[in-house]
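Chemist: Whenever a hint applies, use it, and build me the whole structure from the sequences.
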Amino acid sequence: MPQLEASPAIDFQSEIYKDAYSRINAIVIEGEQEANENYIRLAELLPDHKDELISLSKMENRHKKGFQACGRNLEVTPDMEFARQFFADLHKNFQEAAATGNIVTCLLIQALIIECFAIAAYNIYIPVADDFARKITEGVLKDEYMHLNFGEKWLKEHFEESKAQLEEANRKNLPLVWRMLNEVEKDAHILGMEKEALVEDFMISYGEALGNIGFTPRELMRLSAHGLAAA
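In terms of the working numbering, the sequence shown is numbered consecutively and its last residue is 231.
Do not rely on the hints blindly, as some may be mistaken.
To be verified - Computed spacing ranges between beta-carbons, pair by pair: (1) K163 - D89: 33 to 39 Å; (2) I16 - P217: 20 to 26 Å; (3) I16 - S55: 36 to 42 Å; (4) K153 - E219: 17 to 23 Å.
Calculated directly from the structure, the hints in this document are not laboratory data. Beta carbons are placed, not taken as given, at the ideal position from N, Cα and C, and that holds for glycine.
Modeler: Okay, structure coming up:
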């Protein structure tokens, strides 16, 4: 039986779909915009890596334009005010860390949490996306792994002196991811994305990243619990 018949078809033109899409599309646009600005800020904090970080910021800007095109393709106006509120707490925490030169917290928020959040969302979205958005999202997903890799590499090289700060940043910021996932659970469901799958994919990516940096499996369980306690 062809795959399209095996699963219930999503009506991409229905009002209920477009309404939910206006918020989800805004979130990915705003997420890429935040990432663009965050990498520019990180380039100021890490001048030795300026060229690479500016290159990543430009990539995020291209992603933003791709997702804006996805909204136009479905004739949906993204709800950008909703998206700015959605990211407000992570945005505030990044800005505060940057203002004090806390590179470790900035990298945990942008290069680990936001990138893993994006990777999870794109992985779960691709199988249920319309054809136009699927092609865009597949291209973006390949790039996101490169961004995750930058944060992992830098934090691994500075693991011993960063460990306590990473634990503190995780404790403050991981619970925000759960609040964010709860906030979009209904809209994501309408798009064919289940919260449990998003949580699982995020925790796998985030756990792997923390493990690559240097945390032990026992430490990873403790770090993950900060998010689960808020679920």
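Chemist: Lying within 36 to 42 Å: is that true of the beta-carbon distance I16 to S55?
Modeler: 40 Å, holds
Chemist: Could you check the hint for me, namely that K163 and D89 are 33 to 39 Å apart, CB to CB?
Modeler: 24 Å, violated
Chemist: Starting from the hint 17 to 23 Å, judge whether the C-beta atoms of K153 and E219 obey it.
Modeler: 19 Å, holds
Chemist: Verify the CB-CB distance for I16 and P217 against the hinted window 20 to 26 Å.
Modeler: Distance hint for I16, P217 is violated at roughly 42 Å.
In the structure shown, a violation is registered for the earlier hints numbered 1 and 2, in ascending order.
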